[in-house]
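> Listed below are the residues making up each chain.
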Amino acid sequence: MKILLISTCTHTLNNSEFVIPISDILGDIEHDIMHFEDCNKEILSNYSKIIICGTSMQDFTYVDWLPFFDDLLKEFNRPILGICSGMQILTSIFGISGLIDKIEIGFVEVNTLISNKLFDGRFQAYNLHNYSVNDCNEFTILATSENCIQAVKHMAREIYGISFHPEVRNQEVVKNFLNI
Amino acid sequence: MNLGILFSGGKDSYLAMEMAAESNEITCLLTINSSNQDSWMFHTPAIEWTKLQSKSLGIPQIIYNTKGIQDEELEDLFELIKNAKNKFSIEGIVTGALASTYQSTRIQKICNDLGLWCFNPLWQMPQETLLEKLLENNVESIITGVAAEPFDDSWLGRAINSECVNDLMKLKSSYRINPAGEGGEIESFVINAPLFSKKIEISQSRKHYSNYSGRLEIMEASLI
Numbered sequence: 001m002k003i004l005l006i007s008t009c010t011h012t013l014n015n016s017e018f019v020i021p022i023s024d025i026l027g028d029i030e031h032d033i034m035h036f037e038d039c040n041k042e043i044l045s046n047y048s049k050i051i052i053c054g055t056s057m058q059d060f061t062y063v064d065w066l067p068f069f070d071d072l073l074k075e076f077n078r079p080i081l082g083i084c085s086g087m088q089i090l091t092s093i094f095g096i097s098g099l100i101d102k103i104e105i106g107f108v109e110v111n112t113l114i115s116n117k118l119f120d121g122r123f124q125a126y127n128l129h130n131y132s133v134n135d136c137n138e139f140t141i142l143a144t145s146e147n148c149i150q151a152v153k154h155m156a157r158e159i160y161g162i163s164f165h166p167e168v169r170n171q172e173v174v175k176n177f178l179n180i
Numbered sequence: 181m182n183l184g185i186l187f188s189g190g191k192d193s194y195l196a197m198e199m200a201a202e203s204n205e206i207t208c209l210l211t212i213n214s215s216n217q218d219s220w221m222f223h224t225p226a227i228e229w230t231k232l233q234s235k236s237l238g239i240p241q242i243i244y245n246t247k248g249i250q251d252e253e254l255e256d257l258f259e260l261i262k263n264a265k266n267k268f269s270i271e272g273i274v275t276g277a278l279a280s281t282y283q284s285t286r287i288q289k290i291c292n293d294l295g296l297w298c299f300n301p302l303w304q305m306p307q308e309t310l311l312e313k314l315l316e317n318n319v320e321s322i323i324t325g326v327a328a329e330p331f332d333d334s335w336l337g338r339a340i341n342s343e344c345v346n347d348l349m350k351l352k353s354s355y356r357i358n359p360a361g362e363g364g365e366i367e368s369f370v371i372n373a374p375l376f377s378k379k380i381e382i383s384q385s386r387k388h389y390s391n392y393s394g395r396l397e398i399m400e401a402s403l404i
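From first to last, the protein sequence lines are chains A and B.
The first sequence begins at 1 in this note's numbering and counts up one residue at a time.
The second sequence begins at 181 in this note's numbering and counts up one residue at a time.
If you're looking for bench data, these hints aren't it; they were derived computationally from the structure.
Careful, some of the hints might be misleading.
Claimed, not checked - Calculated cross-link-like contacts (lysine-lysine; reagent style DSSO-like; alpha-carbon spacing at most 30 Å): (1) Lys2(A) - Lys117(A); (2) Lys352(B) - Lys175(A); (3) Lys313(B) - Lys175(A); (4) Lys74(A) - Lys153(A); (5) Lys265(B) - Lys378(B); (6) Lys231(B) - Lys350(B); (7) Lys387(B) - Lys231(B); (8) Lys265(B) - Lys231(B); (9) Lys74(A) - Lys41(A); (10) Lys262(B) - Lys235(B); (11) Lys102(A) - Lys289(B); (12) Lys235(B) - Lys352(B); (13) Lys262(B) - Lys102(A); (14) Lys2(A) - Lys313(B); (15) Lys231(B) - Lys267(B); (16) Lys235(B) - Lys378(B); (17) Lys265(B) - Lys102(A); (18) Lys117(A) - Lys49(A).
Same shape as in the complex, but just chain B:
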């Protein structure tokens, strides 16, 4: 089946794509660039650098810009998926949704209206399992956003490796953090993975941080 993936560049959408790619053809990446950093639907840090991931994956990308206003962003998402259906003849959409019924309900409605299948391979997956799967599958990602106590600015840019996963699991018990960031506690960006032909090297970045909330602004990056 030809599928499009709702792609934010983070660990969840990458992992969902890898699972879907085992028995399907991923023909396009669908990315929403929201100017609202607090969007409930779309994750925002480092989104402009998904174009490098698209190049490394060898999968074309359609990017739509949205102001991120609650109902309008859904219309933008509808148009993006409709466009992908027409342009790439996709029969379904894959998402990295884990537990957010807010996101998944809205995507399911759009897919149903357009007669498309909707696949959520990570749906209800325990977050520890997801983190273990990332390590097992050699998915290299970094933290590009934090939004919860006790994350300080040292977390920004940190590689999500086994040491980091251990630390996140400790925070689960001490601070009730969702260890994979399902509650928006962390955002991530994949820099290398089995489906990538080249690794992404970040040569210049800047941290923006205050009061347990921050993001990593990638200023220069390239494929190596």
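Extracted from the complex, chain A is given alone in its bound form:
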């Protein structure tokens, strides 16, 4: 089955920056790109995995749509990867965790805390966000930087969130997710 890339970009011009590079990583793997407002549960049932892509630092539209995401994704029982805003959405709806003000722009050192299927060790990763996520009971923290939680996994399901942008560096994280 196919992969669905969900865009959280309010302006289509941002897709070329945050969604198309993820699509390029997928290459020949069959996938579709759809803005979240065009998604519904029936459409999602056609896909084996979902990647929720990031968006611009000034784009906060997704925050107003959290109840929509809650309804859309709660019953999707296959793997989901949320990148940046995507991670914030996933932890907000599955973990009921509020967002916190934490700015990171550029490369940070990421330290893996728990062995997982996406990455390991210490590595440099590119971040671009005004918000970060709180620790919460539903998710295990997989990695941190000096200031922020960098990656989480749902305790019971194959739902992952990463704060950093793998389209800039660490593309293998996306490939590893596809192999889950």
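Starting from the known structure of chain A, arrange chain B on it as the hints suggest.
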């Protein structure tokens, strides 16, 4: 949305502007004229002739001069963008950044501090795709700077057409050149494009070249 474009006059900033112009209003060109030819932030060849591009595009331009000293040039860029925000009520900035996290990180920080959107439509675009897009979109540009082996002085002033793109792709495999010049191997200047009302004709120029490094000095040019 009203947007300003960080405009060096080269193929990347033009292409980014054209993509942004599809669904936004480009209200000003923002140009930094750096006296440091080795600036990491700003591309320098032919920068003074961007005024002709501004005229042909019918888009006003703000030019700031900078000495190109590493931290000071960022303060100059901050002031330039702040000025454009006040003068043209822009809500965001467009850049032609392709893969340089050095450049994009610094521009993202400035935009975030000023509450502006930052758009990088070419971000992570494969360089072959970018070159193909230039040809597809009929963007006519010439090479105004070279800085890598095996570029000799015959490359200076050469039109970036399909033959040139083929040659650049060959150099990718034989010399590991970034074919669109992302590593600074080549600099370019747009002389005609779909958004231009008139073409730029270069009537007099001079080549400065030694040891795989050179630039084309444009001495006389006009809109025709």
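> Now look at each hint and say whether the structure bears it out.
Now for the hints, and whether the structure bears them out:
no.: 1; hint: Lys2(A) - Lys117(A); in the structure: 20 Å, holds
no.: 2; hint: Lys352(B) - Lys175(A); in the structure: 26 Å, holds
no.: 3; hint: Lys313(B) - Lys175(A); in the structure: 27 Å, holds
no.: 4; hint: Lys74(A) - Lys153(A); in the structure: 15 Å, holds
no.: 5; hint: Lys265(B) - Lys378(B); in the structure: 28 Å, holds
no.: 6; hint: Lys231(B) - Lys350(B); in the structure: 34 Å, violated
no.: 7; hint: Lys387(B) - Lys231(B); in the structure: 21 Å, holds
no.: 8; hint: Lys265(B) - Lys231(B); in the structure: 20 Å, holds
no.: 9; hint: Lys74(A) - Lys41(A); in the structure: 10 Å, holds
no.: 10; hint: Lys262(B) - Lys235(B); in the structure: 23 Å, holds
no.: 11; hint: Lys102(A) - Lys289(B); in the structure: 14 Å, holds
no.: 12; hint: Lys235(B) - Lys352(B); in the structure: 35 Å, violated
no.: 13; hint: Lys262(B) - Lys102(A); in the structure: 24 Å, holds
no.: 14; hint: Lys2(A) - Lys313(B); in the structure: 28 Å, holds
no.: 15; hint: Lys231(B) - Lys267(B); in the structure: 18 Å, holds
no.: 16; hint: Lys235(B) - Lys378(B); in the structure: 9 Å, holds
no.: 17; hint: Lys265(B) - Lys102(A); in the structure: 25 Å, holds
no.: 18; hint: Lys117(A) - Lys49(A); in the structure: 15 Å, holds
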